[in-house]
Structures are given as C-alpha cells and as structure tokens.
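K.L.:
So the chains spell out like this:
2 protein chains.
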Amino acid sequence: MPELRKDPIIGRWVIISVERGKRPSDFITRGQRRKGGFCPFCPGNEYTTPNEIISFRPSDSKPNSKDWTLRVVPNKFPALQVEGGLGRAGEGIYDMMNGIGAHEVIIESPDHEATMSTMPLKALEDVMWAFHHRMGDLKKDSRFRYALIFKNEGEVAGATLEHTHSQLIATPIVPSLVKEEMEGARRYFDYKERCIFCDIVHQELETGARVVWENRNFIALEPYAPRVPFETWIMPKQHESHFDYAYEGKYAGLAEILQQTLKRMDRILDTPPYNFVIHTSPFNTEVNDYYHWHIEIMPKLTKPAGFEWGSGFHINPTPPEEAAKFLREARV
Amino acid sequence: MPELRKDPIIGRWVIISVERGKRPSDFITRGQRRKGGFCPFCPGNEYTTPNEIISFRPSDSKPNSKDWTLRVVPNKFPALQVEGGLGRAGEGIYDMMNGIGAHEVIIESPDHEATMSTMPLKALEDVMWAFHHRMGDLKKDSRFRYALIFKNEGEVAGATLEHTHSQLIATPIVPSLVKEEMEGARRYFDYKERCIFCDIVHQELETGARVVWENRNFIALEPYAPRVPFETWIMPKQHESHFDYAYEGKYAGLAEILQQTLKRMDRILDTPPYNFVIHTSPFNTEVNDYYHWHIEIMPKLTKPAGFEWGSGFHINPTPPEEAAKFLREARV
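Protein sequences appear in the order of chains U and S. Mapping of the first sequence onto numbering that gives the first Met the number 0: residues 0 to 331, in sequence order. Mapping of the second sequence onto numbering that gives the first Met the number 0: residues 0 to 331, in sequence order.
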C-alpha cells in the first residue's frame, strides 16, 4: 500500500509509492528506454492494459476490443491505490495516511505517431470531453478532494511511453500548490471583490505584450512571472471556476487554442518536451467567484537546479514578453 | 538589468535573468556540452574569471595568481546583479523589483578531477569556512535578506562546468521555501516551546530506522517525507539557528559527515548527480530557538513531471527507511 506522508515542518505531502522501482540498482540502469518495440497503448494490444474505464468507440464494438478512438484505463503502476480507507495515523511527531487515490491514463489516440499538436481537432476535443467525464465521475467518490489532470510529453518531461497519453491522479487531499492558489485568489477577492485571474485577462488583453493567441472564449498568454522559458497559460476569458462545467462550444474552443499554442511551441522550439497541468477548483468547492480554472503549459528547456530546489524561486532566462512575441509570430 | 517579478496569485518570485541565453534557438542547441577542453576554473586560467573575492593561498602569493587551494569569484553570468538599488515598482496588478543580488562561485579545489566526496577532508573543511566567510560578509549589505548556498553536481543536476564548485546567491527577499520553513518552525515552537528540528533529531536517534550516519555534533538522516529517492539531510544534533556561527570543530565535523554521506551515495548509486542546499536563518533573524540550520542533499534519480509541477507534491518510489538502510550499510 503506498503511503501519503507529511513533512512536519512545512506541511508538504509526499507519496511514498512502494509499487514502483526503488532499489539503488533500479536508478542506475534507468534512462535506457527502448524506442520502438512493443506499445501497450496501440490498437490490438488492449489486453496488456487493465480493463478500460471508459472509451470512445462505435456503439456495436465491445469494451477492450480494438475499434476505439480514445480509451481511459487505470494506470498499471499506480502511484496511489484505489481500494481502501484513508487510515490516518501518526508516528511520533509525523503524520501519514494510506496512499488512496485513482491513477488513470487517457490514451488520446489509436495512432502511435499522433501528438496533441498534430491530431485532428475533433480528436483533441474528445480528449477534453474525456477529462470532463472522468473528473465528474471521480467527484462522486467522497474520499477524494481533487483530480489533477496532466500530461508529460517527451522523455525529458517524464514520459515513459511514447504513445500520446495524459494522466489523472485523484487525491484525498487538496495539493499544496492548488491550496496556495485558492488562498491567494480568495485573499484578492476579499480585498477587491474581483477575481484576480479575470483582472489578469483584462490587463493582458489591454497591453497585449504577453498575449500569444485568442479565440472567442479563451486566451493563451505568457504569465507575468513565468517559472520557465515559454511557460504559457490558457484561460477562459469569462469567469469560470471549474474545468468540468461544460457549455456549448467550450471544449471545441479549448481544443483549438491548445492546439494552436502547442503547434507554435513545436515550430519555434523544435517540438520541445513539455508538461501541462489543468488547475481547477477542488471537488468540495461550489461554483465560486474567486477561482478561475486554467491550463499551465511548461516546456522543459531548462533544468531546475539547487537554487530552485532550495529557494522555491526560479531563474528564467527568457522574458515573457519576448517569448510571447516569438509564439505570436510563429508561422503555423 | 535582471528583474525580480512576483506572481500575483500565490506570491512566488521569479528572476527574469536577461543576461543569460534566451532566444528559442539557444534552447534547441543546448545539451551539447563539451567534455574536457578548456576549463576556466583550473589553475593558470584565473584570468578568465572575474577577480577573486577571497581565496585561500600562501601569504606570499598574489591574488588571481595560480597558487591557490580555493577561490571565490563573482559568477561571470550572474542571475542577479550586484550594483544598484532595489527599484520596487508596480505594473498594473503586478509587482517587480530590480534583480539586485550577489552571485558568487566557490571553486572548491584546484584539482579538476576532485569531487566533494574524494577531496582531502581538510579541503572540504576549507569549503565550509569559505561559505562561512562569504555569508558573514554579505550579511553586512543591508539590501540582502538571505544567502542561498548550493551545489549542482553533474550535468543532470544543472552543472554547466565539470570542475568542482558551489554557488552562493544573495537575494533581497527571503525565498518562499525558507519563509515557509521559518513559519512552520515558529508555529511549532509557539505550540510546543520546542524546536521541531530538535524533536526530529531526538525521534530519529531513538528509532534509528532513518539514520544514515552520525558523529559527535552531526546526524545524517533520511527525512520522513522525502521528495526524492535518497534525499538526505545533515543536521547539527544540538540546536543551532545559523550555519555561519562557528565554534571549535564545527566545520571539521560537518566536512566529515558530508563526505561520509556523499561517499555512500557514490557507492550505492554509482556517483549520482545531485543538488545540495544549505538552509539557514535569514540575515535579519537573530540567534533563535525555533529554526535549526541544516543541509539538504537531493540525488537526481527521477524527473519531476506534470504531477509534481501541478500539485507541489512529489511521488517518491523509495521509502526513506530502505534508503537509509542502503546508505548505512554501504562500504566506503
């Protein structure tokens, strides 16, 4: 059973995931990922993954057969385990709980060569719908407080399989970064009676210097204080607290701006490895005025080193105004 | 002039360091670090670094000549700039200040092949003394609030030069991670009238399961909630709030336990890349009862990916009890 452990000084939680590699020798031989070869996510190999949770496929085709366009399956090597109770416990001055949670993989396309920036727009919209469905479903499990949806693209960004996929981890606690964001946003709202993200959208649209692209409902921009070069956020222009509240055209518009942004990154940064993460209100939060869901995309161009690890602040060699200009002017 | 910019939502500061590489093409060609070749840190090449701030050398030898055993020089490509005022300013809803700070390099040995785990113990003690001197000196500059001393060992950990060196960055604000630690430690002290780090040392010595090594004044242990496999902390056994308050035998004992720890890591993890960071009380803090300086060593064996970036919590596949056992039993 994995464990969730809390650092007693700053309250940071860590997942001690005993199901995964752990002996010193496992780390020494790592980094020899085979390219090509057998792919468990390709059509015909469905038997190698745990049974699918949902899939998009013709209505006459059977679950776990090969005629799908998108599949969601449990992670075969989950960081957290879905069965069991929380089992909160102390150990002297320390606190822990069982590593309960869901860890799912969204296989975004049957095409081994596809990427989020090259797949048909409709396929990318389907990925957004899959996120929507899974989030809505996991919300019903009262043990969970949050579902973090993220993507690791490229080995440098932490991907262990080439075939395009995203992941979802549902956790019994609200992650510290999300909590900090919620608290910061609420503090601002208490003071100004306005959503800070709405104010950012407003100021960015006015000055324009950090805007990458926009469509009817969304804006892609370089944040004022980006941690890494070419860090890009995608935000709804109108206030929305939750990623998973759907309305007409929402996920089509989101797929469009996400693909535009990724295509531009691919163009000027030569298909960089990246991580993206969806930030949204926690499960136990109603529709609210102060938090604004968004996507953060972070290309992996620099390595966080001792200074970043020790201080929590980042050194970024690329001003966001320059990054925005390059991305805006990229021909795609 | 570099800029310090504040994220308006969670208050995270970022250094936008315009003196360093920044155009998209700079990132594409990166990663082709030449091995061997010219080394600016080797004896005889002193003219290629900025003039030394301090050095350990025979009393009859001239500054910036080649007879040194340790040199401290300004970083040639500093993340922060030492001249100027803070120039705090707003930009709509955003806050920034000039990127004022000191960025120094401690060249730990004239020997290009030396590492902290292989250099003579006396040389490593001298490195600790150099840290002590530089911290004491920078404290006198009223613009600075903190000096972060860190080491990036190996390319994966962010080192751009092979020759063994550490770095120091003095900042006009207390880094957020340090602030969180100070706050957490003070909260605990207010509640218990005890230092939380002292309580950790006490509990760890009692149970023994996470202890790696100890000598008279210091203990090396795996923290209860480590972010990464084989994360190791070195702490004074008795309460000490500041790294730079010296006493008889302090830095000799510290050099000994640091080298023991690094030798054990080298042995069982095949000379892994790592970062280490000294955590100490900020400049404007007197000797105090609640914060306890320590060193955090983080081998770079895993890659932080989307989940870590998005949640602020870490997945660690190695329980610290197992890591401690391997390190304790390593033959060095």
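Just so you know, these hints were derived from the structure itself, not from any lab. Some hints here could point you the wrong way.
[Unchecked claim] Among the chain U residues that face chain S by a calculated CB cut under 7 Å, a handful are: (1) TRP67; (2) LEU69; (3) VAL81; (4) ASN151; (5) TYR223; (6) LEU268; (7) PHE282; (8) VAL286; (9) ALA304.
[Unchecked claim] Label pairs and their in silico Cβ distance ranges: (10) ARG266(U) to ASN287(S): 46 to 56 Å; (11) MET0(U) to TYR246(S): 43 to 53 Å; (12) ARG327(S) to ALA113(U): 40 to 50 Å; (13) ASP25(U) to ARG327(S): 11 to 21 Å.
A virtual CB, placed ideally from N, CA and C, is assigned to each residue, including glycine.
K.L.:
Evaluate each hint against the coordinates.
P.N.:
So, going through the hints one by one against the coordinates:
no. : hint                               : result
1   : TRP67                              : violated (24 Å)
2   : LEU69                              : violated (19 Å)
3   : VAL81                              : violated (16 Å)
4   : ASN151                             : holds (4 Å)
5   : TYR223                             : holds (5 Å)
6   : LEU268                             : holds (5 Å)
7   : PHE282                             : violated (14 Å)
8   : VAL286                             : violated (19 Å)
9   : ALA304                             : holds (3 Å)
10  : ARG266(U) to ASN287(S): 46 to 56 Å : holds (53 Å)
11  : MET0(U) to TYR246(S): 43 to 53 Å   : holds (45 Å)
12  : ARG327(S) to ALA113(U): 40 to 50 Å : holds (48 Å)
13  : ASP25(U) to ARG327(S): 11 to 21 Å  : holds (19 Å)
Hints 1, 2, 3, 7, 8 from the list above are not met by this structure, while the remaining hints are.
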